[in-house]
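Student: Position chain B relative to chain A; hints supplied.
Those protein sequence lines, which keep their order, are chains A and B. Take the first sequence: its letter number 224 is residue 223 in numbering that gives the first Met the number 0, and every next letter is one higher. Take the second sequence: its letter number 46 is residue 45 in numbering that gives the first Met the number 0, and every next letter is one higher.
Do not take every clue at face value.
Straight-line C-alpha distance at most 35 Å; calculated DSBU-like pairs for lysine-lysine [unchecked claim]:
| no. | chain 1 | residue 1 | chain 2 | residue 2 |
| --- | --- | --- | --- | --- |
| 1 | B | K103 | A | K99 |
| 2 | B | K43 | A | K246 |
| 3 | A | K143 | B | K43 |
| 4 | A | K99 | B | K24 |
Everything labelled a hint here was simulated from the structure, so no lab data went into it.
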Amino acid sequence: MVKLGYFPGCSLSSTAKEYDISTRIVCEDLGIELVEIPHWVCCGATSAHITSDIAANALPAKTLIWAEKNNIPITSPCSACFSRLAIAHHTMATDEEMRKDVGEVVGEEYHGGAKVLHLARVFYETYGLEALKAKVKKPLKGLKVASYYGCLMTRPPEVCDFDRIENPMFMDKTVQALGAETVKWGYKTECCGAAFSLTKKEAVLKLTGDILSDAKECGADVIVVACPLCHANLDSRQREIERKSGKKIGLPIIYISQMIGLALGYNALDMAFKKHFVDPVKVLKEKGIL
Amino acid sequence: MKQYLEEKNFKQGFRKDVERLSKQKISNCYQCGKCSAGCPMAFKMDYPPTMTMRLIQLGLHDEVMGSNTAWYCVSCETCTTRCPREIDIAKVMDTLKIMAQAGKYEVSDTEIPIFDWIFLKSLQYTGKVYELGLIMTYNIISLNPFKDVFPLGLQMFLKGKIALFPHFINDPVAMWEHLEMFSKIHKKQKEKIRETNG
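Looking at chain A on its own, in the form it has when it is part of the complex:
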């Protein structure tokens, strides 16, 4: 039994509800115990770290202190939350001045004892692929998947404790363990534009459009993601990109937790596919998975 502190992040109670639903179902099935961090506050995201570096470290500090005190590793399904927690941990472990400043602001000092994991790597490393393979009830045979890592799951490498930066494979291997095929493509770690979706929409449409068309050209049936912002840009902005470029894309975007859920035998309703803009059910039915 694996026990983890769960930091869902703000998006998972709103625009990425299906990610939260599927994560909780899948973790319960696999025997990963998720303890939601009591009274967690937002990580501050980009808005904090471009406005005040004290805020950027102080906001995640409370969560890190909780993990340190209870000696439980924490996981976040959101790449941005994961990144902010991991960067704050790294900054305070290496920068004595910042650690002191944050200690004054928060009222408690952090000593660098927390462990922060991304949910996608919990499935891959903490739980393990062999154990996952043994749990598969319905292999995802014949489904071609492009795994999209985005920016902050692997970058910067010293913070994410990760060595394959330009061509990460852990999500590909996880998907392969579920029985699906993965495609080779070039936009695995390119940026989708993230929160610029509201402020600099034109730029986001270009970046996201490039990612989608590369995945399509490389023969993918679906894209698998592990971040609510990547999902929002690739899924809900897809029709706008199609309208702008005049080309049909129609690529469903599926969360890694939903992918595992499908292999564990859960149906479309359990995985809340009705909340997606590009409906994955049609492709999955064609492949005989649903």
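Tutor: Okay, now just chain B, sitting in the frame of chain A:
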């Protein structure tokens, strides 16, 4: 753009301020251009990251702070990851934005500071970000109230992807501590900026 280098435009203290606040050694940059080559937003920037680094080295603060470069940085960390001189370039871009918003230099963008202000206010008063409130307030302040409402917003609402009400920290003591922490953050940040020469 044609550039004339005149002595009065140089300000060595500027480079030192950026280095001090970002804790990065900008003088290490040898202009290889890897950051600009990998930057997904370089196509929108007045100066790509490599040029910005050189401008900081030269102390040309008006060029740096007057350009849109830092405001188009999306914090993807590609430059930081690839820099052979181990400069955290994304952190430098953050620092430029922090310096601008602290009131010492020009803020050469309107959208992002407005978005961040609303985002942080939402976070300050509820502890979490209230997405619907954030989007609506941003649209109203940026004088584009119906942006993304039809059909995207409506569809999101029908799919149950939008929480109608904000989530609060459901414990009065934790909420009080959170509010107190926020006022301390503001004070501390101001102190730090004041210490620079600027």
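Student: Now tell me if each hint is right for this structure.
Tutor: Hints, one by one, checked against the model:
Among the hinted pairs, K103(B) with K99(A) is consistent with the structure: their alpha-carbon atoms are about 26 Å apart, no more than 35 Å. About 24 Å separates the Cα atoms of K43(B) and K246(A), which keeps this hinted pair within 35 Å; it holds. The straight-line distance between the Cα atoms of K143(A) and K43(B) is roughly 34 Å, inside the 35 Å bound, and the hint therefore holds. A C-alpha spacing of about 22 Å is found between K99(A) and K24(B), which places the hinted pair at or below 35 Å, so the restraint holds.
Every hint, counting from the list given before, is met by this structure.
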